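Chemist: Sequence:
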Amino acid sequence: MFRHRPLGFQDDLDNQTIYEDVIALVRQMKPRTQFVFATHNPNIPMLGDAEQVHVCSFMDDRFSVQSGGVDDARQQTEIVNIMEGGREAFNRHKEIYQAWKSQN
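Residues in the sequence shown are numbered consecutively from 1, following the numbering used here.
Derived by calculation from the structure, the hints in this document are not laboratory data.
In silico EDC-like pairs for lysine to aspartate or glutamate, Cα to Cα no more than 16 Å straight-line: (1) Lys30 <-> Asp49; (2) Lys94 <-> Glu84; (3) Lys30 <-> Glu51.
As the structure is a prediction and not an experimental result, all values here were calculated from the model.
Could you put the whole structure together from the sequences, leaning on the hints where they help?
Modeler: Right, dumping it as structure tokens:
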């Protein structure tokens, strides 16, 4: 259907739309399509089941790339730091969600 054609997405979608529409489409097309995303939204690599994550940084006039899968501990640390706001923010979100879950 989209053979050899790039497909672009709007960069300011809410997380519900990303999950229900974008991730659903990615998972459906993944067996036959390669995707490249540039994002700070953790839902894309995590819920989209990314096989490779490339963390890019620029410091002291040097560009570096760290690559690996989402199951790699170094990549998990970078995903948490960059996309979730760090370990403290990640843990705080987790605590809040668990409290909500226990109330429902």
